[in-house]
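S.K.: Using the hints provided, position chain B with the ligand relative to the given structure of chain A.
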Amino acid sequence: MSGVDYLAPASVADAVSALRASAGSARLMAGGTDLLVQMRGGRAKPEVVIDLKRIPGLMGIRGEGGGFVIGAATSGAALGEHEALKAAWPGVIEAANLIGSTQVQGRASLGGNLCNASPAADGVPALIAAGAVCIIEGPAGAREVQVEKVQAGPGKTTLAADEILLAFRLPPRPARSSDAYLRLIPRTEMDIAVVGVGVSLTLDAGGVCNAARVSVGAVAPTCLLVEAAGVALVGTTLDDAALAKMEAAVSAACRPISDKRGTAEYRTKVACVLARRAALIAKDRANA
Amino acid sequence: MSDGNQGGVNLKVVGQRPIRPDGVDKVTGRAQFGADFHLPGMLTGRIKRSPHAHARVVSIDTRAAEKLPGVKAIVTSADFDAGAAGEVEAGESHAAMKEVAANCLAHGKVLYQGHAVAAVAATQPEIAAEALDLIEVTYEVLPHVIDVEAAMAADAPVLHDDMYTKGVTPKPGKASNVAAKHVMGRGDVAAAFKAAGVIVEGSYETAAVHQGYIEPHACVASWGADGQSTIWCSSQGQFLVRAMVAKILNMPLSDIKVIPAEIGGGFGGKTTVYLEPVALALSRKCGRPVKIVMSREEVFLASGPTSGAVMDVRLAATKDGKITGAEMTLKYQAGAFQGSPVNLGLMTAFACYDVESLALTGYDVVSNRPKVAAYRAPGAPMAAFAVESAIDDLALKLGMDPIDLRLLNAVRDGAKTVYGATVRCCALVETLEAIKASPHYQTPVGKGQARGVAAGFWFNVGGESSAAVHVDEDGGVTVVSSNPDIGGSRASMAMMAAERLGLPIERVRCTVADTTSIGYSGSTGGSRVTFATGMAVVEAAQKIVADLKRRAAQTWECDIAMVEWKDGVATCIDPAKDVKPLSMKAIAGKSAKTGGPIAAEVSLNAQGAAAGFGVHVCDLEIDPETGRTTVVRYTAAQDVGRAIHPAYVEGQLQGGAAQGIGWALNEEYVYGKSGLLENASFLDYRMPVASDLPMIDTILIETKPNPRHPFGAKGVGEVPIVPPLAAVSNAVSRIVGRRMTSLPMSPAKVLAEMAK
Ligand SMILES: Cc1cc2nc3c(=O)[nH]c(=O)nc-3n(C[C@H](O)[C@H](O)[C@H](O)COP(=O)(O)OP(=O)(O)OC[C@H]3O[C@@H](n4cnc5c(N)ncnc54)[C@H](O)[C@@H]3O)c2cc1C
Chain A
1 MSGVDYLAPA
11 SVADAVSALR
21 ASAGSARLMA
31 GGTDLLVQMR
41 GGRAKPEVVI
51 DLKRIPGLMG
61 IRGEGGGFVI
71 GAATSGAALG
81 EHEALKAAWP
91 GVIEAANLIG
101 STQVQGRASL
111 GGNLCNASPA
121 ADGVPALIAA
131 GAVCIIEGPA
141 GAREVQVEKV
151 QAGPGKTTLA
161 ADEILLAFRL
171 PPRPARSSDA
181 YLRLIPRTEM
191 DIAVVGVGVS
201 LTLDAGGVCN
211 AARVSVGAVA
221 PTCLLVEAAG
231 VALVGTTLDD
241 AALAKMEAAV
251 SAACRPISDK
261 RGTAEYRTKV
271 ACVLARRAAL
281 IAKDRANA
Chain B
1 MSDGNQGGVN
11 LKVVGQRPIR
21 PDGVDKVTGR
31 AQFGADFHLP
41 GMLTGRIKRS
51 PHAHARVVSI
61 DTRAAEKLPG
71 VKAIVTSADF
81 DAGAAGEVEA
91 GESHAAMKEV
101 AANCLAHGKV
111 LYQGHAVAAV
121 AATQPEIAAE
131 ALDLIEVTYE
141 VLPHVIDVEA
151 AMAADAPVLH
161 DDMYTKGVTP
171 KPGKASNVAA
181 KHVMGRGDVA
191 AAFKAAGVIV
201 EGSYETAAVH
211 QGYIEPHACV
221 ASWGADGQST
231 IWCSSQGQFL
241 VRAMVAKILN
251 MPLSDIKVIP
261 AEIGGGFGGK
271 TTVYLEPVAL
281 ALSRKCGRPV
291 KIVMSREEVF
301 LASGPTSGAV
311 MDVRLAATKD
321 GKITGAEMTL
331 KYQAGAFQGS
341 PVNLGLMTAF
351 ACYDVESLAL
361 TGYDVVSNRP
371 KVAAYRAPGA
381 PMAAFAVESA
391 IDDLALKLGM
401 DPIDLRLLNA
411 VRDGAKTVYG
421 ATVRCCALVE
431 TLEAIKASPH
441 YQTPVGKGQA
451 RGVAAGFWFN
461 VGGESSAAVH
471 VDEDGGVTVV
481 SSNPDIGGSR
491 ASMAMMAAER
501 LGLPIERVRC
511 TVADTTSIGY
521 SGSTGGSRVT
531 FATGMAVVEA
541 AQKIVADLKR
551 RAAQTWECDI
561 AMVEWKDGVA
571 TCIDPAKDVK
581 PLSMKAIAGK
591 SAKTGGPIAA
601 EVSLNAQGAA
611 AGFGVHVCDL
621 EIDPETGRTT
631 VVRYTAAQDV
641 GRAIHPAYVE
651 GQLQGGAAQG
661 IGWALNEEYV
671 YGKSGLLENA
681 SFLDYRMPVA
691 SDLPMIDTIL
701 IETKPNPRHP
711 FGAKGVGEVP
721 IVPPLAAVSN
731 AVSRIVGRRM
741 TSLPMSPAKV
751 LAEMAK
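Each protein sequence line maps, in turn, to chains A and B.
In terms of the numbering used here, the first sequence has 78 at position 78, counting the first letter as 1, and numbering is strictly consecutive.
In terms of the numbering used here, the second sequence has 319 at position 319, counting the first letter as 1, and numbering is strictly consecutive.
Any given hint could turn out to be false.
What the hints assert, rightly or not - Pairwise CB distance ranges (calculated):
1. A248/A <-> P444/B: 37 to 43 Å
2. G672/B <-> A248/A: 28 to 34 Å
3. A211/A <-> T443/B: 46 to 52 Å
4. R255/A <-> G446/B: 36 to 42 Å
5. A248/A <-> S674/B: 32 to 38 Å
6. T158/A <-> T443/B: 55 to 61 Å
7. G672/B <-> T102/A: 53 to 59 Å
8. V145/A <-> V689/B: 57 to 63 Å
9. D5/A <-> I19/B: 44 to 50 Å
10. G446/B <-> T102/A: 27 to 33 Å
11. G446/B <-> N287/A: 26 to 32 Å
Hints are computed from structural coordinates only; laboratory data are not their basis.
Every residue gets a Cβ at the ideal spot worked out from N, C-alpha and C, and that includes glycine.
Chain A with its partners taken away, still in its complex shape (with noise of 0.2 Å):
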């Protein structure tokens, strides 16, 4: 790791001019444990480093407008300790919270999470379930995108080359709403997902459910969401029928690969397996 200059801007504009300066030397770091990990491998050789950690906004929890906003370099152990969020998304802050030790925890971001680009990131799946939206910033100014929209392939986003994540953006819950993330790993920790599923969706008075979305990690080279596999669940209470129709919605969208973790066919299964326990998980937390 010779020669690596280490940059800490203290704004967002500066971020961005230092990311422009480097012309494609660069790369930013919020806790590094993705990034660094890969400079010591050999994979990432980067010039400079740009930390993110000292702009402001970029680590913490805000509320606004009823939801609420996530810095992009908030640690996991951060996001595991503010109750009113853990209380509106338990499915969001279970993922976040999955991702590798409790050392691990103390840097560990979900805007990292998401930057990296792994289909098996366990941060994603929960976040496109929950309908997080991207706040991000570039030369020409800040922009918003859902998160479904940010992964490209396994490491590329959809990022320019010179935009930063600022934060994600949680929409405001209504009532009876509530999200699960599961995933499935041989061991019980220090494991990469084989598969990965968050539900998240609202009930109405009745218990019949009136909005869902699920999305699917390590089944395909993005996590992806599954639009019919939300739509399965809509007007129903979650009954049998309901949930094999999401789970054929499930296990149409898997495009998985087979590979040391696991088989094409074991991972489509265990998807749809994942899928509707999360669902259930997801609607006994918003009856809670």
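M.R.: Positioned in the frame of chain A, the structure of chain B with the ligand alone reads:
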């Protein structure tokens, strides 16, 4: 020799659980492991490794790398001495030095991905890395073969064109990948099967698994201008490192001093050399100390896993469950060079059972994988997986309790093993009975869960060891051990010395000496140290006691027979003498007047190691929709002779069980089509993490202390990795409803099996 067993009754230190002497250093980070050593002027060494599974090395061009400023030396196999021949005793086996050398730096051909081809020493790690890229190796890629049965096929690519299967007559006309065929047996197996009331049979396979020690291989080597050299490294045997390096670099042993570092796990995997001769060859070339530390990826690619195996087993039994005959064929991966532990697989496979007729065949097979290294009870766990699965089938077929079936067939003292030894001080029956009576086994199996039982055996060994006991001037004692402490042996050495000397444990410290500071010793392996080196320690302590008595007699001017040594104090029992007792401190403080420093060293070849037996029981559940297994309760019982430090012994049982559970459930080397390893990291090589396992309960059986050890110790470190593979798979099989024959039982495999 030992004066027989001391009863457990009067022991004051042995059997207690003092705080581990290496604990504080390890938890505070003060312990000096292999990678922690630095010297002024030290260079960083790095190894250039093969990207191919199998290739001829056409040329190695180091010119560009040599020109890079900061590069001080580059070596290839040409820098080793071709004379590296002969064998060196290495843990459980002999190592052919030509092959160890060719494994450290490839000679002519690379035989697996990650095989070392060259090494560089440079002033900075970055320069060393850059130099590696500048070394140009031209390869002629050859067809490769990974799996053991494919490697045995007639048309398989042959790794070594001079390898003719040993153990078959007449000598084969053609080279092959089968290094050796081993045959073992007795009785009339055909007759046993003809007369059998029940026959069970099955074919099994296990994946290659790595020892998974946390500390990667690391060393510093420094060549002196006069040829005198020093190596600092973590290994399971400083004398073994010295012997191997001396052979490979053609040096006299006395020119090499090996200083053992604290070791962060070995499990058998550090009973050979990978880096040390390379680092010393680099240092010899440039005259500066060279440090090489493997990355985790290098550890997986190029240091020994243990064999994956393909096995067939058939049992013949009477209708009452008495096993009368068995046939077994084992095919073990050796990796790129011969020397799988298949022979040990054959010897241990049926060692728990008294079976009249046996026909056992084993094949040692090379393929394009890293050369295997010893791993706890080398060769035994795979064979036990097959045998204990077959016995479980027999229990199911006969509707018998799996413990009762094993009790019916268990070996007892006086039985003959297939390899010719007579079973003695064996407590397998007591161990089985202890499991049967355990709270675990007495508790009904939980809803949705299943229970598996399996037994296991290991020889345990003795061998050559040295130890010294030094009495300090203030009456404290230093024990000098010849063996690196990988399992708590400093504690047990100190405890045995304290017991014999009558001192509190706090007054006795134990250190591990370098190769110039103590007599020769075999490596730490085979569960031999507490037995063999412990015997040397106790004999040295006995010499000290005799010397102390002599000095007291001299002081009192009485007959030595009138001196009694008890609780660290000499007392005169001659009623005619009116003298005050003399403490250790008093005698030590005046040692100059009674003959000088008080010290004794003993070197011996310990005989009479006693085998150990273990029985494990495992309760688990499986998520029927994902195939994921959760072990919910686990108990390991073991015939340990006598536990010197019971907490350490329990730790050995727990550690062995944990590793065996990992072997059963998720660990495996995964190869792609091109013969390259796909999971050379702890992320994808799935060893269990702490939260994967329940607390592993232990039961120590001490009813049969080993009479050939002063305190009755048997080895304890190997046995506990033998039963878990089958204990887990027997439980999984019961839930799945069919025999699980292939390890690891990863979620995908289990789910596919359940769907059948
Ligand atoms: C031991 C260990 C265990 C792990 N376990 C898990 C796990 O269980 N699940 C899981 O999903 N991941 C896991 N990871 C991966 C990693 O911790 C997560 O992906 C984490 O969320 C990354 O966050 P970070 O803040 O550390 O990202 P960084 O490493 O700082 O950044 C990651 C990438 O995103 C880019 N980036 C970061 N922030 C921004 C931004 N604001 N705008 C634009 N680009 C940005 C960086 O340039 C880099 O390319 C593990 C990692 C380790 C080391």
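S.K.: Out of the numbered hints, which ones does the structure contradict?
M.R.: 7, 8
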